[in-house]
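Just so you know, the protein sequences line up as chains F and C, in that order.
Each residue of the first sequence is one higher than the one before, counting from 1 in UniProt numbering.
Each residue of the second sequence is one higher than the one before, counting from 1 in UniProt numbering.
Just so you know, the hints here were simulated from the structure itself, not pulled from any lab data.
These numbers come from a predicted model, not from an experiment.
We treat Cβ as the ideally placed atom computed from N, Cα and C, and that holds for glycine.
Honestly, I wouldn't trust all of these hints.
Stated by the list, open to error - Computed Cβ-Cβ distance ranges for the label pairs, DEER-style: (1) C/GLU50 <-> F/SER187: 47 to 57 Å; (2) F/ALA401 <-> C/TYR27: 47 to 57 Å; (3) C/TYR27 <-> F/ARG346: 48 to 58 Å; (4) C/GLU50 <-> F/ASP189: 46 to 56 Å; (5) C/LYS90 <-> F/ALA408: 55 to 65 Å.
Claimed, not checked - Taking beta-carbon pairs under 10 Å as the criterion, some of the chain F residues facing chain C (in silico): (6) PRO218; (7) THR268; (8) ASN269; (9) PRO270; (10) SER279; (11) THR283; (12) ARG381; (13) ILE438; (14) TYR442.
Unchecked claim - With a Cα cut of at most 30 Å, we get these calculated BS3-like pairs of lysine-lysine: (15) C/LYS4 <-> F/LYS288; (16) F/LYS304 <-> F/LYS221; (17) F/LYS134 <-> C/LYS16; (18) F/LYS134 <-> F/LYS434; (19) C/LYS90 <-> F/LYS121.
Listed below, chain by chain, are the residues.
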Amino acid sequence: MKQRDKVRIGCGAGFSGDRLEPAVILAEKGDLDYLVLECLAERTIALAQKRKATDPAQGYDPLLERRITLLLPLLKKNKIRLITNMGAANPVAAAGKIIEIAKRQGISIKVAAVTGDDVLKSISGDEIAMETGKPISESGQVISANAYLGADAILPALETGADIIITGRVADPSLFVAPLVHEFGWSLDDVDIIAKATVTGHLMECAGQITGGYFADPVKKPIENMSTLGHPFADVWPDGSATISKVNETGGNITLATVKEQLLYEVTNPHQYLTPDVSADFTTVFLKQDGKNRIKVTGGSGNKKPSTLKVSIGYKAGFTGEGEITYAGAGARERAHLAGEIIQQRLKSQFPDLRTDYIGHTSVHPSSLANDCQPYEVRLRVAGKGATADQAAIIGEEVEALYTNGPAGGGGVRKYVNEVIGIVSVLIDRNKIKPSVIVKSYGH
Amino acid sequence: MGIKLYEIAHSRAGDKGNTLILSLIPYEEKDYELLRNLITVDKVKEHFKEIIHGEIVRYELPNISALQFVCLQALAGGVTTSLVMDTHGKTLSYALLEMNLELPEIT
Numbered sequence: 001m002k003q004r005d006k007v008r009i010g011c012g013a014g015f016s017g018d019r020l021e022p023a024v025i026l027a028e029k030g031d032l033d034y035l036v037l038e039c040l041a042e043r044t045i046a047l048a049q050k051r052k053a054t055d056p057a058q059g060y061d062p063l064l065e066r067r068i069t070l071l072l073p074l075l076k077k078n079k080i081r082l083i084t085n086m087g088a089a090n091p092v093a094a095a096g097k098i099i100e101i102a103k104r105q106g107i108s109i110k111v112a113a114v115t116g117d118d119v120l121k122s123i124s125g126d127e128i129a130m131e132t133g134k135p136i137s138e139s140g141q142v143i144s145a146n147a148y149l150g151a152d153a154i155l156p157a158l159e160t161g162a163d164i165i166i167t168g169r170v171a172d173p174s175l176f177v178a179p180l181v182h183e184f185g186w187s188l189d190d191v192d193i194i195a196k197a198t199v200t201g202h203l204m205e206c207a208g209q210i211t212g213g214y215f216a217d218p219v220k221k222p223i224e225n226m227s228t229l230g231h232p233f234a235d236v237w238p239d240g241s242a243t244i245s246k247v248n249e250t251g252g253n254i255t256l257a258t259v260k261e262q263l264l265y266e267v268t269n270p271h272q273y274l275t276p277d278v279s280a281d282f283t284t285v286f287l288k289q290d291g292k293n294r295i296k297v298t299g300g301s302g303n304k305k306p307s308t309l310k311v312s313i314g315y316k317a318g319f320t321g322e323g324e325i326t327y328a329g330a331g332a333r334e335r336a337h338l339a340g341e342i343i344q345q346r347l348k349s350q351f352p353d354l355r356t357d358y359i360g361h362t363s364v365h366p367s368s369l370a371n372d373c374q375p376y377e378v379r380l381r382v383a384g385k386g387a388t389a390d391q392a393a394i395i396g397e398e399v400e401a402l403y404t405n406g407p408a409g410g411g412g413v414r415k416y417v418n419e420v421i422g423i424v425s426v427l428i429d430r431n432k433i434k435p436s437v438i439v440k441s442y443g444h
Numbered sequence: 001m002g003i004k005l006y007e008i009a010h011s012r013a014g015d016k017g018n019t020l021i022l023s024l025i026p027y028e029e030k031d032y033e034l035l036r037n038l039i040t041v042d043k044v045k046e047h048f049k050e051i052i053h054g055e056i057v058r059y060e061l062p063n064i065s066a067l068q069f070v071c072l073q074a075l076a077g078g079v080t081t082s083l084v085m086d087t088h089g090k091t092l093s094y095a096l097l098e099m100n101l102e103l104p105e106i107t
């Protein structure tokens with residue numbers, strides 16, 4: 001097995017809608033070995049499955065074409081391998097799209113698509129949802145089921161020598177664990193080293209969150225040059241320790257504080273951070289500032305990986321209807337409250353769970369946390385659920401009708417109807433899941 | 001001396017289904033022990049009584065001087081089906097930092 005003294009992995013996207021240019025800068029100036037783009041959330045894949053159901057050539061990330069068109073020449077020039085979950089519901093179609101882009105650009109390329117996460121065919125509906133304790137069929141009509149694959153599913157794709165590895169649902173840190181295992185020849189059974197790699201993956205996966213983006217607070221936590229926020233790269237050594245840093249001239253800051261926030265982000269038990277690869281103990285991690293915008297990460301330990309894999313189930317959960325209207329000036333709060341009461345009285349029999357929120361006053365936190373202030377303007381928001389789009393639309397219509405039926409001075413009505421895709425999770429025996437790799441190439 | 005938690009610590013909110021996860025990290029590592037003593041599960045429960053309806057578990061991470069609060073039944077059903085404006089509960093980190101603290105007098 002080949003051994004390197006260091007592997008450098010950048011993370012150029014932390015979610016599907018992330019900015020395009022930080023990845024371009026990383027590919028151009030980051031001196032990377034690997035670039036990871038993490039573009040798949042729980043709900044994103046269910047929505048992608050819906051697109052695939054209406055068009056079998058779709059179902060991959062909507063920004064894939066733009067991202068790959070920008071990155072492909074740089075990946076080729078700087079010999080960087082790309083690993084991304086932009087395949088979403090359709091990694092094979094995504095690989096085909098990448099080949100199409102490569103042909104257009106005259107760049108020879110080999111793409112490996114990782115499949116096997118889509119387990120919809122083996123779902124009966126009788127499985128018990130972890131969230132509700134009830135059979136998933138009771139939640140609603142199931143439209144997607146995707147298992148979280150691990151590094152073991154990505155490794156065979158890396159071994160094909162492909163320039164680009166495109167996956168559907170895999171655990172986010174596994175996108176980073178796999179290239180490290182591949183380069184350093186680690187054993188997937190070495191729980192401590194896999195845990196260390198998982199720590200690095202978890203720190204990197206949200207891209208701009210660790211470079212100070214979703215950390216910044218101009219009063220207490222100022223961050224430099226946020227409009228040109230850079231995304232991170234990690235230098236990882238054969239002992240599993242890592243240094244998190246970024247391209248010099250990019251905006252943002254990497255400090256002990258930004259790294260601590262990211263280490264704990266979305267972790268429900270720091271002693272047991274569960275992925276398909278390992279159960280990692282984050283309480284054994286040490287962090288040290290190692291120069292400006294450089295944090296050294298050491299420690300981290302692990303226990304055996306779980307015998308089950310988590311499966312995200314998407315189901316049809318009806319429609320939400322929303323309406324909004326604004327009141328301003330003297331008594332804005334009182335008029336907004338009156339409007340909210342009118343809507344409640346008119347709709348409560350049809351929509352027992354109708355919400356009325358007062359934006360600018362008490363819309364995201366309840367009154368117990370809000371000061372009893374008189375804001376200059378208040379926007380009433382009303383939201384409820386309907387079984388059909390037509391039913392949900394009634395909510396916006398009722399808010400709009402406040403225009404002439406009062407109270408005074410209401411303006412700026414907006415109304416929305418959206419289909420809701422619910423998500424529940426089940427566990428599945430990992431031996432029942434058989435990942436595979438499909439290779440496509442151009443000019444090889 | 002009465003101050004807001006915001007003055008001495010920062011926090012980020014995360015979500016997993018209907019579970020809210022709040023980190024609490026002092027700016028000065030020396031304040032870790034103070035937060036460990038003052039910001040108990042009961043105190044957080046009382047502060048969030050209108051929001052968090054389930055159990056709260058506190059984890060201590062002395063290596064990085066941080067606390068983690070994992071709060072069940074806290075996100076109105078969770079990101080995909082909730083009717084609230086902030087379905088992820090991302091703004092709740094700053095709700096935690098609104099907590100008032102009575103600090104021991106420093107001599």
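### Residue hint F/ILE438, partner chain C, criterion CB-CB below 10 Å
F/ILE438 check fails; min Cβ-Cβ to chain C is 30 Å, beyond 10 Å.
### Message
Less than 10 Å between beta-carbons is the criterion; does F/PRO218 satisfy it with respect to chain C?
### Response
violated, 13 Å
### Message
What's the verdict on F/LYS134 and C/LYS16, does the C-alpha distance respect the 30 Å limit or exceed it?
### Response
Holds, because 18 Å separates the two Cα atoms, which is no more than 30 Å.
### Query
Is the Cα-Cα distance between C/LYS4 and F/LYS288 30 Å or less?
At roughly 28 Å apart (the allowed maximum being 30 Å), F/LYS288 and C/LYS4 satisfy the hint.
### Query
How about F/PRO270: closest beta carbon in chain C under 10 Å, or not?
Holds, because the Cβ-Cβ distance from F/PRO270 to chain C comes to roughly 5 Å (cut-off 10 Å).
### Status of the F/THR268 interface restraint (C-beta, 10 Å, chain C)
holds, 5 Å
### Hint consistency between F/LYS134 and F/LYS434 [alpha-carbon to alpha-carbon, up to 30 Å]
holds, 27 Å
### Message
Quick check on F/ASN269 please, does its C-beta sit within 10 Å of some C-beta on chain C?
### Response
Holds: closest Cβ of chain C sits about 7 Å from F/ASN269, inside 10 Å.
### Query
With a cut-off of 10 Å, does the beta carbon of F/THR283 approach a beta carbon of chain C closely enough for the hint to hold?
This hint holds: F/THR283 lies near chain C, its Cβ roughly 5 Å from the closest one there, short of 10 Å.
### Task
State, for the Cβ atoms of C/GLU50 and F/SER187, whether the hinted interval 47 to 57 Å holds or is violated.
holds, 50 Å
### Query
Does F/SER279 pass the interface hint, meaning its C-beta sits closer than 10 Å to a C-beta of chain C?
violated, 15 Å
### Message
Checking one constraint from the list: CA of F/LYS304 to CA of F/LYS221, max 30 Å. Satisfied?
### Response
violated, 38 Å
Violated hints for the displayed structure, listed by number in ascending order: 5, 6, 10, 13, 14, 16 and 19.
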